[in-house]
Structure formats: C-alpha cells, structure tokens
Amino acid sequence: MKRLSVVVAGTGQIRDVEIQPGTTAGDILNQLSLKDYLLSKGPNDPFFANAESVFDKVNDGEKIFASTKAEVGESLLCA
Amino acid sequence: MRLRDLGSRPAPAAIRSLLSRIVRGHGPAVPVQRRQIPYWQERGWQQRGNAYTGAYQTRHGAFAGEIRQHHGNDIEFFLYQPSDEIQRHSHWACFQHQGNDWYLVHMGRRPKDVSSGILAIERLVTEAFED
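As you go down the protein sequences, you meet chains D and Z in turn. Just so it is clear: in the first sequence, position 16 is 247 by our numbering, and no numbers are missing. Just so it is clear: in the second sequence, position 76 is 950 by our numbering, and no numbers are missing.
Check before you lean on any hint, since a few could be wrong.
Said to hold, decoys possible - Taking lysine to aspartate or glutamate pairs in the EDC-like style, the calculated list, with each CA pair at most 16 Å apart, reads:
#1 D:K300 / Z:E916
#2 Z:K986 / D:E302
#3 D:K288 / D:D258
#4 D:K294 / D:D276
#5 D:K272 / D:D291
#6 D:K294 / D:D247
#7 D:K233 / D:E249
#8 D:K288 / D:D276
#9 D:K294 / Z:D948
#10 D:K288 / D:E302
#11 D:K272 / Z:D948
#12 D:K233 / D:E293
#13 Z:K986 / D:E293
#14 D:K233 / D:D291
#15 D:K233 / D:D276
For the record, the hints were derived by calculation from the structure and aren't laboratory data. The structure displayed is predicted, hence computed values, not measured ones.
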C-alpha cells in the first residue's frame, strides 16, 4: 500500500489516496471523479497512460499532478 | 599532589539545552498545513486581471511567458525567446511569431485551465531538450 497526494493543477486541491499494486492511473482518476484529466509526476515526466500501473512508479507519500488534457499543436496543422 | 579540585561551574548554555531536551524527550508533533494553491501560483506566476506573467520552468531552464485568459478555456499562451532546442522541436511550427521575440503557442487540444496549459508547455520544453 502506498499513499499519494494528487494535486488538481487547476485548483491546487489536494486529494489523498491509497493505492495497491496494480492500481492504474485510470483507477485513480475514476475514483476521484476526474474525467478528462491526466496524471503525471510533473512537467519533467510524461503523462501516465490510463491503463498504466502507477504503483511501481511512485514513492510512498509522493505528490503527483492531475491536469486537464492539453497538447501543443495539432499534427495536421503544424507538426 | 597530582590532582586539585577546582570546584564546579555551570555548563555552557548549549550543552544545558541539549541535556534538557534529552531529558524531556521530543515535544508533540506540530501538524503543518499543506498549501492548496493552483499550479500557476505554486510556480510563481503573477495574475493581473485576465493576464498571467511568469516562467515556464523545467530542469533545463526557465522561459518567460504570458497567458491571456479571455473566457472559459479560451486561453492564449505566449512564450518569449524560445531557445534553439525548442526551435528544433517537431512542434516548432505551432509557435506563431507575434513580434518582439514573443510567440503564441498553438494548442491543438486546449487545456481547461491555465495550470494545465503551463504543464503542457513545460513538458514540451523538456521534450525539446531531451529528444
């Protein structure tokens, strides 16, 4: 079991969760009712995929971020 | 006589304080309140009306920025003097020059809040330096 603090980037609200091995990013977002959000450890790390297990990639007590989906550019227009 | 009793004198204050703490044990833990503030604020951005100024911060450096929130998720993100690394990124075409070294960052998928947009641009800057 690990404890995580999920910071909702837009508001700064902190939601504390406990996760077990195999818990995915999608499980956490569903549990917190954060639709259209993505989880990441911060700007220097990629987003967790929805089906990705988070347990092994975070430390007990770590703070992670939930932010709304945003992407620079659009492949057809400017990539 | 090889030993002479010189009497006693008080120990230095630092040692007395240390001994007193050992005897008393640790005091009760003081709970520290967590600051629940938006990411933009945590990263030091300043808000003036509907505009925000600050820096997109990554482990590779910080880049000055400005954000204008017109309404809802109609938010424009600007970046000042993007580095060569950013200009070599595959999404460089999404940076529209506005003059005076300011660039409007075109968002293919618009964030619903300022903080999420800052995170997206910081992630892109990080990618530009690491790819």
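Below or equal to 16 Å on CA atoms is what counts here, so check D:K288 against D:D258.
Distance ~15 Å between D:K288 and D:D258 Cα, so the pair holds.
D:K233 paired with D:E249 [C-alpha distance capped at 16 Å]
holds (6 Å)
Given pair status - D:D247, D:K294, alpha carbons within 16 Å:
holds (9 Å)
Has the given pair, D:K300 with Z:E916, been kept, meaning a C-alpha gap of at most 16 Å?
Since the Cα atoms of D:K300 and Z:E916 sit roughly 20 Å apart, the hinted pair is violated (cutoff 16 Å).
Taken at face value, is the distance from the CA of Z:D948 to the CA of D:K272 at most 16 Å?
Distance ~26 Å between D:K272 and Z:D948 Cα, so the pair is violated.
Below or equal to 16 Å on CA atoms is what counts here, so check D:K288 against D:D276.
Answer holds: D:K288 to D:D276 is near 11 Å, not above 16 Å.
Just to be careful, I want the Cα atoms of Z:K986 and D:E293 compared with a cutoff of 16 Å; is the pair within it?
violated (25 Å)
Does D:K233 pair with D:E293 here, judged by a C-alpha cut-off of 16 Å?
holds (9 Å)
Given the hinted pair Z:K986 and D:E302, is their alpha-carbon gap at most 16 Å?
holds (11 Å)
For the pair supplied as a hint, D:K233 and D:D291, is the alpha-carbon distance within the 16 Å limit?
This hinted pair holds, its Cα atoms lying about 5 Å apart.
Checking one constraint from the list: CA of D:K233 to CA of D:D276, max 16 Å. Satisfied?
violated (20 Å)
Need the status of pair D:K272, D:D291: alpha-carbon distance at most 16 Å?
holds (13 Å)
Against the hints set out earlier in the document, violations occur for numbers 1, 9, 10, 11, 13, 15.
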